[in-house]
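J.: Same order as they appear, the protein sequences are chains A and B. Take any residue in the first sequence, count from 1 to its spot, add 68: that is its number in the working numbering. Take any residue in the second sequence, count from 1 to its spot, add 940: that is its number in the working numbering.
For the record, the hints were derived by calculation from the structure and aren't laboratory data. It should be emphasised that the depicted structure is a prediction, and the values quoted were computed from it without experimental measurement. Every residue, glycine too, gets a C-beta built ideally from N, C-alpha and C. Hints may be right or wrong, so weigh each one.
[Said to hold, decoys possible] With a cut-off of at most 30 Å between alpha-carbon atoms, the simulated DSBU-like pairs for lysine-lysine come out as follows: (1) B:Lys1018 to B:Lys982; (2) A:Lys138 to B:Lys997; (3) B:Lys982 to A:Lys124; (4) B:Lys997 to A:Lys104; (5) B:Lys997 to A:Lys119; (6) B:Lys1018 to A:Lys119; (7) B:Lys982 to A:Lys138.
[As the list claims (entries may be wrong)] Covered stretches of chain B, as calculated for chain A (at least 3 residues, CB under 8 Å): (8) 978–991; (9) 1043–1055.
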Amino acid sequence: GQQVMQIPQYQHVQEGEDFTTYCNSSTTLSNIQWYKQRPGGHPVFLIQLVKSGEVKKQKRLTFQFGEAKKNSSLHITATQTTDVGTYFCAGRVSSSNTGKLIFGQGTTLQVKP
Amino acid sequence: EPEVTQTPSHQVTQMGQEVILRCVPISNHLYFYWYRQILGQKVEFLVSFYNNEISEKSEIFDDQFSVERPDGSNFTLKIRSTKLEDSAMYFCASSELLAGSGELFFGEGSRLTVL
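Whenever a hint applies, use it, and build me the whole structure from the sequences.
T.: See below:
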């Protein structure tokens, strides 16, 4: 079946260090979304990438969509304690006409002050 | 800001009992979803719902699960005969556009504990 793999599962960084999480799909995606879930919270939408090779920035966050539309990454520059949480990528398979999003396993980020 | 609301926030039930989880999606949204998240694990798709019918369901969504939009505002998930492995956080989500075209707005979740 369709799978979206995400690595690493956990990452502990010192405040001020950079952080990257990677997402890979077994099939071509029509687009990919990223969500953040704070501890005890619910997923909150961050961004959507649609075009092959697309790069988008939100302040210290940089999102990339691969040329083949099968992989994506989220990079956080100079992490802060407010970045703590689990980051999920979620992909929509090109062949799906129902909007089903397949979530990766998530990367949980811990930031030590 | 409009939000998706879910009730109850936490439900404890005995194995074999029926459970109904309720959701009020954002009012102008057309697409509704249920996802579940077993503690510390990934967010798993259960079912999508559009135009008063199921548009897609996962292999998890077997005959013991059903969804309904009884009155044009509520969107419910019923688990007919709960099992221990149904213990999870259940998230309702809605979208103005087909998910993947637009963002999903998630509710705060309903934590189900099956004893």
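J.: Run every hint past the structure and note whether it holds.
T.: Here is what the structure says about each hint:
A C-alpha spacing of about 21 Å is found between B:Lys1018 and B:Lys982, which places the hinted pair at or below 30 Å, so the restraint holds. At most 30 Å may separate the alpha-carbon atoms for a hinted pair to count; A:Lys138 and B:Lys997 meet this at roughly 23 Å. At most 30 Å may separate the alpha-carbon atoms for a hinted pair to count; B:Lys982 and A:Lys124 meet this at roughly 25 Å. Of the supplied pair hints, the one linking B:Lys997 and A:Lys104 holds, its CA atoms being roughly 24 Å apart against a limit of 30 Å.
Of the pairs offered as hints, the one joining B:Lys997 and A:Lys119 holds, with about 27 Å between alpha carbons and a cut-off of 30 Å not exceeded. Among the hinted pairs, B:Lys1018 with A:Lys119 is inconsistent with the structure: their alpha-carbon atoms are about 38 Å apart, more than 30 Å. Using a Cα cut-off of 30 Å, the hinted pair B:Lys982 and A:Lys138 holds, with the two alpha carbons roughly 19 Å apart. Coverage of the segment 978–991 of chain B by chain A holds [criterion: at least 3 residues with CB-CB distance below 8 Å; count 7].
A count of 7 residues in the segment 1043–1055 of chain B with a Cβ less than 8 Å from any Cβ of chain A is obtained; the coverage claim is therefore met, three being the minimum.
In summary, the one numbered hint that this structure violates is 6.
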